[in-house]
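A.B. asks: Going by this note's numbering, the sequence shown opens with residue 1, and the numbers climb by one from there.
Hints in this document: simulated from the structure, not taken from any laboratory.
Mixed in with the good hints, there may be bad ones.
In silico DSSO-like cross-links for lysine-lysine, where the CA-CA straight-line distance does not exceed 30 angstroms [what the hints assert, rightly or not]: (1) Lys120 with Lys70; (2) Lys18 with Lys70; (3) Lys74 with Lys125; (4) Lys74 with Lys102.
Simulated restraints on C-beta separations [stated by the list, open to error]: (5) Glu13 with Arg111: 18 to 26 angstroms; (6) Trp134 with Ala26: 20 to 28 angstroms; (7) Cys122 with Ser12: 21 to 29 angstroms.
For clarity, every value in this text was computed on a predicted model and none was experimentally measured.
All residues carry an ideal CB built from backbone N, CA and C; glycine is no exception.
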Amino acid sequence: MNFLKHFWEGDSEDMKEKKTQLFGAAPPILYVLHYLGLKPWLCFRDYDCNWNNPVMRGFASDVAHARWWKVHDKMPRKLQSYCLLRTRQKAGLEWDRRQAEKANFDDGHWRQNITDTRLKTCFEKFCFWESMLWHWGENRTKSGPVTTATQMTASLASS
């Protein structure tokens, strides 16, 4: 079955539960799962980073996120290397996590200790992503593309 990972605002709790069961079924019922919002490989491995932004929460699913990481772990190492986080992405994810903390989202995903080993893996010239947070959120005019939930929300709001 081909399925879209999304929880509509009008979905009943029963419908959300049925969708969640589809995502995590063993053996799999779904063979194609379209991930909307930020993709699992652009999030911390620890949890679905779509939880960190109110606009993206309809795309968040810990079960679907975990399913993707099971598939990732079975991929050849060479393919897994394409799922490494860029330095700016790491900073953006941490920024979004901190914004979720400030908003005190009651699901508490932002409270989780981040253990994703990709935080310590760098393949770029500049690796000190923590320093990017010193001025993150200030008006930046020379920035390249970063696909964080905060920036996707700003883009959606302006369209």
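A.B. asks: Each hint: holds or not?
C.D. replies: Hint check results:
The straight-line distance between the Cα atoms of Lys120 and Lys70 is roughly 21 angstroms, inside the 30 angstroms bound, and the hint therefore holds. Of the supplied pair hints, the one linking Lys18 and Lys70 holds, its CA atoms being roughly 21 angstroms apart against a limit of 30 angstroms. Annotation: proposed proximity of Lys74 to Lys125 holds, straight-line Cα distance about 29 angstroms (limit 30 angstroms). Proposed proximity of Lys74 and Lys102 is contradicted: the alpha carbons are some 36 angstroms apart, above 30 angstroms.
A hinted range of 18 to 26 angstroms for the beta carbons of Glu13 and Arg111 is consistent with their spacing of about 23 angstroms. Checked against the hint of 20 to 28 angstroms, the pair Trp134 and Ala26 fails, with Cβ atoms roughly 44 angstroms apart. At about 45 angstroms, the CB distance of Cys122 to Ser12 disagrees with the hint of 21 to 29 angstroms.
When the structure is compared with the earlier hints, violations turn up for hints 4, 6, 7 and for no others.
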